[in-house]
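Trainee: Chain order of the listed sequences is A and B. Per the working numbering, the very first residue in the first sequence carries number 1; after that it's consecutive. Per the working numbering, the very first residue in the second sequence carries number 1; after that it's consecutive.
Source of the hints: derived by calculation from the structure; they are not laboratory data. Keep in mind it's a predicted model, so treat the numbers as computed, not measured. Where hints are given, some of them may not hold.
[Stated by the list, open to error] Distance ranges between label pairs, derived from CB positions:
#1 L215/B with L26/A: 21 to 29 angstroms
#2 V30/A with Y121/B: 40 to 48 angstroms
#3 T112/B with K59/A: 34 to 42 angstroms
#4 I10/B with L26/A: 19 to 27 angstroms
#5 K120/A with S3/B: 14 to 22 angstroms
#6 G165/A with S3/B: 23 to 31 angstroms
#7 I113/A with L81/B: 33 to 41 angstroms
#8 P96/B with Y224/A: 42 to 50 angstroms
[Stated by the list, open to error] Over the 10 angstroms line for every Cβ pair with chain A, so calculated as not near, a few chain B residues:
#9 W58
#10 E67
#11 L91
#12 N125
#13 L137
#14 I146
#15 F151
#16 F189
#17 F197
#18 L227
Glycine residues also receive a C-beta, built at the ideal position from the N, C-alpha and C atoms.
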Amino acid sequence: MNETTNQEKKTFWEKLLSIDRRIIFLFIAVAISVPLFFKTSLDMPVSPVVQEVYNAIEKLEAGSKVLVSFDYDPGSMPELQPMAESFFRHCFRNNLKVIIMGLWPQGPLQANIALDQVFKDEDIKAKNLQYGIDYVNLGFTAGNEVVIDRMGHDFRESYPADSRGTPLSEIPLMRGVRNYDNIDLILNLSAGYPGTMEWVQYAVDVFHVKLAAGNTAVQAPSMYPYIQTGQLAGVLGGMKGGAEYEIALKRPAKAVSYMFSQAIAHGVICLFIIIGNIAFFSLRKKKTS
Amino acid sequence: MSSEVIGIWIGAILTLGIFSFLYKDNPFYKFSEALFVGISAGYWFVVTFWQYFVPKFWDNLSLAYSELLTKGRVDYHWIYLVGGFFGVLMLLRLVPKIGWLSRWSLAFIVGTTAGLQFTRYLESNGILQVKGTIMPLDLTYPKPFIAHTGFIITDILGTIWCNLLNILYTYSHWVLVVGTFCGLIYFFFSKEHKGVFGGAARVGVWFLMITFGALFGYTVMSRMSLLIGRMDYLFGIWLGLY
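Same shape as in the complex, but just chain A:
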C-alpha cells in the first residue's frame, strides 16, 4: 500500500517537472494582469538610497538649476517614465529650473511625454510654467560620453541650440549657464550605455558635480557601489525605486499602482521556484535510492 502511494507521489513530481512551459506563462500573465484591475496601492518604506535622491532635490533653493538627462527609449518606459514624471513634479513643485537633454535619440521625446503628463496636475498647471524660462529641452546630440565631457567645458560645444533650434544665448534660462559650475544638480534616467556610469566617470569624477540617478532594475545593482563612495547621491532602482520615490513625494502614481502586480508576480515566481526545487530533490532522492 505504502509503495503504491509512494509511486503515485513520485509520478506527481515527475509530471510537475515536465509541465508545459505555457502553463507557467499563463500563471504569470494572470498574476500580472489581474492585480492591475484592483487599484490597490502597496505601502512600502522608503529606502535610504531613494530618500537621498529626494533629499538632494529638497535641499535645493527655489530657482536652482537642475539638468535632467534622459538616456533611455520607449523600451524602458514602464520602469523609467514614472520616475521622470516624479522628478519633474518634484522640481516644479519646488520652483526649480529644469534643463532637459538626452544622450539617447528618443530620450528628449520621452521627456516631452512626461512633461505633458505632469502639466495636467492642477498644482503644476497653476504655476503657469514657461518654456525657456522655467524649463528647456536641449534635445539629443550624438557623441555619448564625449558630450558629457564637452559640456563640462561649455554647454554650447555640444548644444549650440535647443531642440527647437533656438540658440542657447537667446533662451533666458540658459543665460548664465556655461558649464556644470552653473548646475546645482544632475538627474540621470538611464537604461544602459551611455548612462549613469558615464555621467559618474565624466561629470562627477572630473567636474565634481552632484548626481542622482534613476535606473532600470537590471542596471541598478551596478550603480550601488557609487553611492558608498559618494560618487552618486542616490539611486532609484527599477519600478520599486520609482514607487518609493512617489511615496517620498507623497504623490503615489503609476509606479505605486504597478507594484501590486509586481509583488503578486514575484510571489508566483517564488512559489514556482519552491515547487521546482521540491520536485527536483524528490526525484534526486528517488534516483539515489
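Fit chain B to the known structure of chain A by using the hints.
Mentor: Relative to chain A, chain B alone:
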C-alpha cells in the same frame, strides 16, 4: 477614427502578435517580428543620417567650405574630413578585395576608446572603489527594534526581519570588508583551497552567490516591469477596462 486610436490598435495587435510566440511559432509572430526589425533599421538609418552625418559631418564641412570661399581661410572644421575618411574606409567592407582597409577605422576607434576610457575607468571604477572598501570596523551594538503592526504574526516576523537588517546595516562595513577579502581569495588559484584559506574561499563563494541572486532578482523585476507595461497598455489603454 483619430490617428491616435489607429496607433493604439496597431500597437495592441502587434503586441499580441509578439506574445503569440509564447504559445508557438506562427506567421502572425513572424510578421510582427519582421515589421519590428524593418522599422527599427529604417528608424536608425534616419536617426544616423540626420543626427550624426548631417550635423557632425556635413554642416561642419559646409562651414569650412564657406569660410574658404568667403574669407579665403582654411579653418579647423576641415578636420572633420579625417572622420569622413575613416567612415568611408568602414564602408569598404562591402568590397571584399579592399575590405581590410576597414580595420584602420576599427583600430582608430578601439585605440581612441581605450585611451579615453582607461583613466576614467581606473579612477571611477578602480581607485575610488578600492578606497571605498577601506572602512573603519566599528563594534557598536545595533539598537533593538520592535515592530507594532497590530497582528502578532506580523509583529514577530517584522521584528525579526527589521533586527536582522539592523544588524547587517550596523555591521555593513564588516560585511563589505569580509566580502571583498573572501571574494578575492576565491579567485586566487595559486594555492589549494584547503584549511583556513579554503574556508575563506567558501565564504567568498557565498558572497558571490548572494550577489548573483540579487542581480537575478533585479533582472526578474525589470522583465516583470516590462510585462506590466504591456499588460497595462492592452487592458488599460487599448481595451479601456479600468
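Trainee: Determine for every hint whether it applies to the structure shown.
Mentor: A quick look at each hint next to the structure:
{"no.": "1", "hint": "L215/B with L26/A: 21 to 29 angstroms", "in the structure": "holds, 27 angstroms"}
{"no.": "2", "hint": "V30/A with Y121/B: 40 to 48 angstroms", "in the structure": "holds, 45 angstroms"}
{"no.": "3", "hint": "T112/B with K59/A: 34 to 42 angstroms", "in the structure": "holds, 39 angstroms"}
{"no.": "4", "hint": "I10/B with L26/A: 19 to 27 angstroms", "in the structure": "holds, 26 angstroms"}
{"no.": "5", "hint": "K120/A with S3/B: 14 to 22 angstroms", "in the structure": "holds, 21 angstroms"}
{"no.": "6", "hint": "G165/A with S3/B: 23 to 31 angstroms", "in the structure": "holds, 25 angstroms"}
{"no.": "7", "hint": "I113/A with L81/B: 33 to 41 angstroms", "in the structure": "holds, 39 angstroms"}
{"no.": "8", "hint": "P96/B with Y224/A: 42 to 50 angstroms", "in the structure": "holds, 48 angstroms"}
{"no.": "9", "hint": "W58", "in the structure": "holds, 13 angstroms"}
{"no.": "10", "hint": "E67", "in the structure": "holds, 17 angstroms"}
{"no.": "11", "hint": "L91", "in the structure": "holds, 18 angstroms"}
{"no.": "12", "hint": "N125", "in the structure": "violated, 8 angstroms"}
{"no.": "13", "hint": "L137", "in the structure": "holds, 15 angstroms"}
{"no.": "14", "hint": "I146", "in the structure": "holds, 16 angstroms"}
{"no.": "15", "hint": "F151", "in the structure": "holds, 15 angstroms"}
{"no.": "16", "hint": "F189", "in the structure": "holds, 25 angstroms"}
{"no.": "17", "hint": "F197", "in the structure": "holds, 26 angstroms"}
{"no.": "18", "hint": "L227", "in the structure": "violated, 5 angstroms"}
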